[in-house]
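Protein chains in written order, with our numbering: chain A, 3 to 288; chain B, 261 to 683.
Calculated directly from the structure, the hints in this document are not laboratory data.
What you were told as hints is all true, and nothing was included just to trick you.
Simulated pairs of lysine to aspartate or glutamate, EDC-like, Cα-Cα distance not exceeding 16 angstroms:
(1) B:334 to B:611
(2) B:584 to A:111
(3) B:495 to B:476
(4) B:495 to A:135
(5) B:406 to B:451
(6) B:323 to B:339
(7) B:495 to A:5
(8) A:89 to A:175
(9) B:335 to B:602
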Amino acid sequence: MTETLIQGLLLGGLYCLFSLGLSLMFGVMRLTNIAQGDFIVAGGFAAICIAPLVGGSPLLAGLVLLPLAFGAGYLLQRGLLNRTLGKDPLPSLVVTFGLSIVIQNLLLEVFSASPRSLESGELSTGSLSLGGDIVVGTLPLLIFVAALAATVGLQLLFARTPLGRAFRAVSDDREVAELMGVRSAHVYALATALATVLIALAGLFQGLRTTVSPADGPLLLLFAFESVIIGGMGSFWGTFVGAMVLGVSQQVGFGFDPGWGVWFGHLVFLAVLVVRPNGLFPKTKG
Amino acid sequence: MTVNTIRRTLIKSGAAIAATSLAAPWVRAAGGDTFKIGYVSPQTGPLAAFAEPDAFTLEQVRKAVAGGLVSGGKKFAVEIIYKDSQSNPNRAGAAAAELILRDKVDLVVASSTPATTNPVADQCELNGVPCITNDAPWQPYFFGRKGDPKAGFEWTYHFFWGLEDIIGAYASLWSKIPTSKVVGGLWPNDEDGNAWGDGKMGFPPVLAAKGFKVVDRGRFQSPINNFSSFISAFKGAGVDIVTGVVPPPDFANFWNQAGQQGFRPKIVTVAKATEFPASIAAFGERANGLTVELMWSPAHPFKSSLTGQTSRQLADAYTAASGKQWTMPLGFKHSLFELALDVLKRAGAKDPAAIRDAIRNSRLDTVVGPLDFRKGPVPNVAKTPLVAGQWQKRGKALDLVIVDNSQAPQIPVQAELLPIKYG
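Start from the sequences, fold in the hints, and give me the full structure.
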């Protein structure tokens, strides 16, 4: 029972990292990034490309990758996604859906369909004993810690800093925020840049813990989406809790029957939608 | 204004890219009578790894038929129309229908997993167009399409190995070194996993008869992000052998978590995930010692009827042309066209019935082994030989070497099976 719980929480950490970028972009600009999963896969491939250039260390690869992701996210928002924002949510949905297809095919063209992974040596198989029979892998633990740190960081950023205030302002009322001198195009771009950093981090971990291949994206999106919806739109702690709920319910399902894990996750997701249609801790409204 | 111009240029260049990437590698007709072959393959999507050798194979075939093909004393040009199934069974069926109804092809070929072969073959059967497929075990192909072993199909033919071969090869492989004889199964809830893990037709009954104990927790929904429930069950039951048919991301996950949880099986024979050299590279050092069924390799003692190349020469030519290591589907793509062209040569005319009869009477030595549709386990199916291989360290790189040939003694064994070493 304890083991199921611990493994479920570790799994939740992974889903949390997958979903924070989505939660951030939705929270600030009501933009649902359908290409989230493909961005994660692209981040994984980028890490795999960078690693050999910096001597194969995943840590160094991450240090190079994250600033690049920040720049790429900023440019993406300024150059493309800002043009899709407005009262109507459809253009941004369609554009990110298109991006998802473009990214998949671009990756297929450049990297071929073969699955790849990031060499990590001892890291991927290392483990820590928590006393008794309970052993947790170093990498899943690292992912959990990263997810927790990212959640805390985002929450502090939003609550305590001028940038966070700008994020909240454009989120609440873009026109009024602009009247007060907030450059919403720039603020949106910073939000996406930040989201892209989180996505790249998720991609890096995905490349370390398993393989990435160009067609993997849409399945990653599903769990990210469920975490955000369970937790409630626009709240980072909500996303974190949502991911934990999803991870633990899947793990409990796996315990009964391997075919039930993902199904249990979906059931809990639907149950939350029925009982609390806005999620557990909703911050933003429509 | 500027925005609009940029947008227009973007759209224009986008269209240009789309046009170049969509341009199918036609084999142009030289005029006169033309045999049209339609080819359906999963170029994109999760099955795309199977289609990697397509470009190379089509190039080879195009060269081979550049001067046309003589059939029934007449010269025919050969045109190949290449369609993407997008790894989607519905799309595969639609592609086959387009080939038949719009392009009016004389023969349809398709390959790579039942998700491609079955819908394509169904369309051909429905429309009365001859069809040859391969690279999917024959049971999912034949019984998956509700084939009757007494009647068979009229228009559609398939060549590959069957579950009896893979079960036999695995069981023989696992008897080579001393183990606890407890086997842990990783069978996902998909066409392959359900067939392999089936309580009547799959692995469990045969393994039980051969004295193995099977630990089967049931079908899992892929992708599964945490295998700890499997690992603790396997550890608890004293599993020494892990088997299954698992997609690469799931296997990478399982194998890393097995390391974290200190689960150390002596033999790991997992199909799908470890079949492609590129995906093996993704597992790094921890791929050393993994075993897998081997349907074609450079060491297979067969020759191409199309180019005269040995298996080794075909693999080397592929590496030289593409810069990539050989993969198992290469031999099957090649043999698919070996048979297609051989059939057209013997058909003598564009008449569908003549082409069908030519397929039915095929007897051809291909690069994947001899094909004979009259000897099949069921009508419309010819079997190709299957052995088992192990990824072993050869110098710095890992190479897939043949370690068991119980099901196909004509293919020589290259090395002894070694238990997986843990550092």
